[in-house]
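*Asks:* Protein chains in written order, with the numbering used here: chain A, 1 to 532; chain B, 1 to 280; chain C, 1 to 374.
Wrong hints could be hidden among the right ones.
Straight-line alpha carbon distances no greater than 30 Å define the calculated DSBU-like cross-link-like pairs of lysine-lysine that follow [said to hold, decoys possible]:
no.: 1; chain 1: C; residue 1: 245; chain 2: C; residue 2: 131
no.: 2; chain 1: C; residue 1: 245; chain 2: B; residue 2: 88
no.: 3; chain 1: B; residue 1: 123; chain 2: C; residue 2: 171
no.: 4; chain 1: B; residue 1: 141; chain 2: A; residue 2: 424
no.: 5; chain 1: C; residue 1: 67; chain 2: C; residue 2: 335
no.: 6; chain 1: C; residue 1: 245; chain 2: B; residue 2: 123
no.: 7; chain 1: C; residue 1: 207; chain 2: C; residue 2: 335
no.: 8; chain 1: C; residue 1: 131; chain 2: B; residue 2: 141
no.: 9; chain 1: C; residue 1: 171; chain 2: B; residue 2: 88
no.: 10; chain 1: B; residue 1: 141; chain 2: C; residue 2: 245
no.: 11; chain 1: C; residue 1: 67; chain 2: C; residue 2: 245
no.: 12; chain 1: C; residue 1: 245; chain 2: C; residue 2: 171
no.: 13; chain 1: B; residue 1: 141; chain 2: B; residue 2: 88
no.: 14; chain 1: B; residue 1: 141; chain 2: B; residue 2: 123
Computed, partial: chain A to chain C, Cβ under 8 Å [to be verified]:
no.: 15; residue: 330
no.: 16; residue: 343
no.: 17; residue: 345
no.: 18; residue: 512
Derived list of chain A stretches under chain C, where covered just means 3 residues or more per stretch with a C-beta under 8 Å from a C-beta of chain C [stated by the list, open to error]:
no.: 19; segment: 322-328
no.: 20; segment: 335-341
no.: 21; segment: 501-507
Source of the hints: derived by calculation from the structure; they are not laboratory data.
These figures come from a predicted structure and were not determined experimentally.
All C-beta atoms in this analysis are idealised placements derived from N, C-alpha and C, irrespective of residue type, glycine included.
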Amino acid sequence: MPAVALLVALAFPDAARALSASDVQELATGDGDERVEAVRSLAATRDPAARRLIEAALSGSVQSSSSARQVFVVVDGKAVDAATGAPVAALPADAEDLVVNNRLRRVLETALAVFALASDDREERAAAIAAVEKDPQSVDTALLDAALAREPDAALGARLDMVRAAAALASDDRAQRLAAIGRLADSRSPSTRLLLLPFVERNADGAFRESDAELRAAAQAAIGAIDDRERTSRLAGAVFSGVSLGSVLLLAALGLAITYGLMGVINMAHGELLMVGAYATWIVQDAFRAHLPGAVDWYLAAAIPAAFASAAALGVVIERTVIRFLYGRPLETLLATFGVSLLLIQLVRTLFGAQNVEVANPSWMSGGIELASNLTLPWNRLYIILFSALVVAGVWAILNLTRLGLFVRAVTQNRAMASCVGVKTRRVDTMAFGLGSGVAGLGGCALSQVGNVGPDLGQAFIVDSFMAVVLGGVGQLAGTVVGSLGLGVVSKFLEPWSGAVLAKIAVLVMIVLFIQRRPQGLFALKGRSAEA
Amino acid sequence: MSTAIPRLAASGAGSSGGGESGYGHLLREGEIDVSHRVILYLEDVSVSFDGFRALDALSLAIDDGELRCVIGPNGAGKTTMMDVITGKTRPDAGRVSFGQSIDLTRMRESAIAQAGIGRKFQKPTVFEQHTVWENLELALKGERRWWRGLAWRTTLDEARRIDELLATIRLEDEARRPAGLLAHGQKQRLEIGILLAQEPRLLLLDEPVAGMTDEESERLADLLVALEGRQSIVVVEHDMAFVRRIARRVTVLHEGRVLAEGTLDEVKADDAVVEVYLGR
Amino acid sequence: MNAIADLARAPTRRVAPPPTALFSRTGWAIVAAALAVNCVLVPIAALVVPGTSPFAISAYGLTLAGKIMCYALAAVALDLVWGYCGVLSLGHGLFFALGGYAMGMYLMRQIGREGVYQSDLPDFMVFLDWKALPWFWQGSDSFLWALAMIVLVPGTVAFLFGWFAFRSRVKGVYLSIITQALTYAAMLLFFRNDTGFGGNNGFTDFKRILGFPVAAIETRVVLFVATGLALAGGVVACRAVVRSKLGRVVTAIRDAESRVMFTGYDPLPYKLFVWTFSAVLCGIAGALYVPQVGIINPSEMAPANSIEMVIWVAIGGRGTLVGPVAGAAIVNGAKSYFTAAFPEFWLFFLGALFVAVTLFLPRGVAGLFRRRGA
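Work out the full structure: start from the sequences and follow the hints.
*Replies:* See the structure below:
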């Protein structure tokens, strides 16, 4: 039948423009296969009237009468003859609705999409291609050829070409089928694999469904190529989400690497400093909404410094009032800062309520890059990876290129000697702690873009970020980076076959075992053993 | 005191029995085989930390009953050598053996100590929360198995030995005080007391007179000299006056290897040693 | 050694060894008085004295006191490892919960067919459509088995963890953080339905223990008395451990581990014994806690719970054994007052307590008394 339709279309371009009464009649009263065939030949006419009829069928406004052998399109109570478009005064008494079952609906939708392939709007054509990709073999290859010839956009053309190839799989011509299989090896559509499977499957009796060995081999090769690509993109997806998780963890752990790693202060309130940064972001966002609605997309430009400043200021207060008195007593510091974390959590609950608050991404952060049908990289995650890279670079620069960094490193290595050569160690402590806290605030700001913001935000991160610092080796910036990213990637690789919870447990157990083997972490500095 | 001597002599039978025969003799459990008169061998021991060679194919032998001083400039590997002997640092290469038969490189610190090697740290390390008396009680040679520790009572004999040790290190008046409250020199003495209480065959002393008064260091020198012949002693020290008082043989370490060995006067005359110490 | 004697220039003077008694006479008197109150006065006040009398103890009061004594026992156990061995565990909540779960399994089996689904299986298994008891539930209907599990499960977990950790000489803050990760991982595990311990809901709706109704006042009195005995036994046992030579070695390890090693003691078994013993005590506390409170779920393993235990010890005074009992009573007494009167201020109070105790009361309440006594 498609071949006939093709012939008709080519031979009598104008004749094809009339709706055939028999097609219309079959659509209304035929059995399942006849209806599908009728829709196809209607679509092949490319007649706007056919399109209207298909739309009407989809919206349930087609009626038919078996006594009058007539089909009507009923709009607002007024009926017209579906084939001729002539108005009808009164519907026959036995007129009844055309019942559209799922199969027919799919065919109708594909047919409608075929019309949209000719649209001038690129978006509309893209949507149409996505629709025909779902069921390419129900579309006439001739129509696809025509659409392909018209298509100006290269990317859409490539996709259409794949649809064309998929449709050609059903061709009667062996050469065409073989060529189609070869082309489909490059397909990115997830349904392609299903179309190729019949070529390599066996029937119940063990014989191949496709008797032609060459076709079978070609299909096998094409499936292999598709599977390879699928595997690669899944791998890339796991790496990406691992790096993304790792970069979030890194932002949480980086501040710890300064306060714990360099200064030896166990700050259990570190998670709450993240929370403070996230709440600062929320406050700035709401202020923009209320006072600068036009610039709401740029609220982050103000939120980032605000998050840093608020967390850093809080860190300085904590250092001056609590931690200062506990240097050299890490276990006591741990307890006191845990108390601080409880105070902060309850303070935020009292001020802003126990519910999560809503922080929205700016519009330029929504959406993502689609690399493959199963691999989309969301912008917000990409920006956070970039942001954490910038923060790491900034922290590195501060520690290695500024006087403060020099002092911090000096105090870390030998407090007494640093003090002797005139470093104001207490001031350095305060500033270093403020820096670590501020970086935590930046982390909170980033977290607000990908997760919930609530009073318990920090609690979820504290164990993980300590793990990252410990894994990387205390006092090692590079170790923290590798530790965080490693943790993220390993968890994301474990997740598919163990589930998120077991992956997390497995990671924790692995870290515990790792620390048994290398108590100093990945980036340990070896040295002559100190006394006692 | 006179009653103590035969008892102690009997318990020290290992030292008198060890050297009497050559090959093929039987060793009792826990005995050190010193049949070649050597109690400690280091053969080609190398240790490096991140590319820095702390010990570079160091070889050294200490005779049974010898009192040896080890000197050398900072970074010569003296403390690392002690770490290797006591099991704190594992050598990258080489052999360390205690007597003929005990390979120290495979043993844990506690096992090495039980085998008969005692060590004093550079910085005096004692049990600060325990009284001086308890410090010595814990260190007394004897039971080390944990389950016995649940129902342990110090015997009269042991109490007497602690009294003797207290007298030796002159801390009788401090016996009831927590060790953490002692002065630096007193802690040094207590640590030496702890070492003596273990009755080791080999004592390693890392800068034992640092922080001691002249009188204290003089008395320590007398003590070490008196112990010579019964216990082997290795002293690492910078204080040349102290070394002069006690030294028979002196080993000079430099950059992880032995630079010179001989009497103090011999090594002082050695050109290489002079160069290392004074620079050229 | 004769050299030493020769060298003692002054004649040897006798110094009497330190006393070895477990408690002083007053100490024993206090223990005896506490046991008398626990075993005689409280049962009379709860069972015999009429409810209208000011001396009567309500079921609520009894349960609260029993619960606090369980916490106190856990605090004593924690003090043993923190105060004497220098190991600050942020994961003792795990051992407490494991003991509780071991008891909870028995209590779940005691429900019998009286659950919502009237099945032989515990309700949550019916809900998950399980057909038979998993292997690790075998034997849980026996009380003796439950008792064995209460000791063995926390003990084994602690032993394995301790063996790995102490063997590789992980210590200090590192060890604390790893213990925290341990209980966190266990919490995640127990939150899963598939793990087989009732998921988020854990175990609750207990009906009987040893055939006696768990809510009856007589049962509660017995549980209370048992808890009191366990607490007293725990304090005496820990005291015996720390006063023994083993205890002195352990304290020495806390202060100068390398000196201990070079004195010929292998620290591993000493630490491991104290650590495991402490975990078992904590498990016993958890097992007594569950029938009195009537519920056990994975939130008991939350890291915050374990840290809260630490504050009981810190406020009472670590390294005193009796202090933590007081600390647990003070904090939990305050908690039940605050959560009833000003629920939103409880965390403020607790947080401030953490800060204030570490800054101003490093030796805890016991330290106050000691200073006055000295």
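*Asks:* Evaluate each hint against the coordinates.
*Replies:* Evaluation of the provided hints:
Between the alpha carbons of residue 245 (chain C) and residue 131 (chain C) the distance comes to roughly 53 Å, so the proposed pair goes past 30 Å and is violated. For a cut-off of 30 Å, the pair hint linking residue 245 (chain C) to residue 88 (chain B) stands: about 25 Å separates their Cα positions. Only pairs whose Cα atoms come within 30 Å are accepted, and residue 123 (chain B) paired with residue 171 (chain C) is accepted, the gap being roughly 21 Å. Annotation: proposed proximity of residue 141 (chain B) to residue 424 (chain A) is violated, straight-line Cα distance about 49 Å (limit 30 Å).
In summary, the hint linking residue 67 (chain C) to residue 335 (chain C) is supported, as the alpha carbons are separated by about 12 Å, within the 30 Å threshold. Straight-line distance between C-alpha atoms of residue 245 (chain C) and residue 123 (chain B) comes to about 26 Å, which keeps the hinted pair within the 30 Å bound. Proximity of residue 207 (chain C) to residue 335 (chain C) is assessed by CA-CA distance (about 27 Å); at most 30 Å being required, the pair is judged to hold. Between residue 131 (chain C) and residue 141 (chain B) the alpha-carbon distance is near 62 Å, which puts this suggested pair outside the 30 Å criterion.
For the given pair, residue 171 (chain C) sits about 17 Å from residue 88 (chain B) by alpha-carbon distance, which is consistent with the 30 Å threshold. Taken as a hint, the residue 141 (chain B) and residue 245 (chain C) pair is honoured in the structure, with Cα atoms around 14 Å apart against an allowance of 30 Å. Proximity of residue 67 (chain C) to residue 245 (chain C) is assessed by CA-CA distance (about 33 Å); at most 30 Å being required, the pair is judged violated. As the CA atoms of residue 245 (chain C) and residue 171 (chain C) are separated by approximately 22 Å, the hinted pair is consistent with the 30 Å bound.
Using a Cα cut-off of 30 Å, the hinted pair residue 141 (chain B) and residue 88 (chain B) holds, with the two alpha carbons roughly 21 Å apart. As the CA atoms of residue 141 (chain B) and residue 123 (chain B) are separated by approximately 23 Å, the hinted pair is consistent with the 30 Å bound. A hinted interface residue such as residue 330 (chain A) counts as satisfied when its beta carbon comes closer than 8 Å to some beta carbon of chain C; here the least separation is about 5 Å, so the hint holds. Because the beta carbon of residue 343 (chain A) sits about 4 Å from the nearest beta carbon in chain C, less than 8 Å, this interface hint is met.
At about 6 Å, the closest approach between the beta carbon of residue 345 (chain A) and any beta carbon in chain C falls short of 8 Å, and the interface hint on this residue holds. This hint holds: residue 512 (chain A) has a C-beta 5 Å from the nearest C-beta of chain C, less than the 8 Å allowed. With 3 residues bearing a CB less than 8 Å from a CB of chain C, the segment 322-328 of chain A meets the requirement of three and the coverage assertion stands. Counting residues of the segment 335-341 of chain A whose C-beta lies closer than 8 Å to any C-beta of chain C gives 6; at least three are required, and the coverage claim holds.
Counting residues of the segment 501-507 of chain A whose CB lies closer than 8 Å to any CB of chain C gives 4, which reaches the minimum of 3, so the coverage claim holds.
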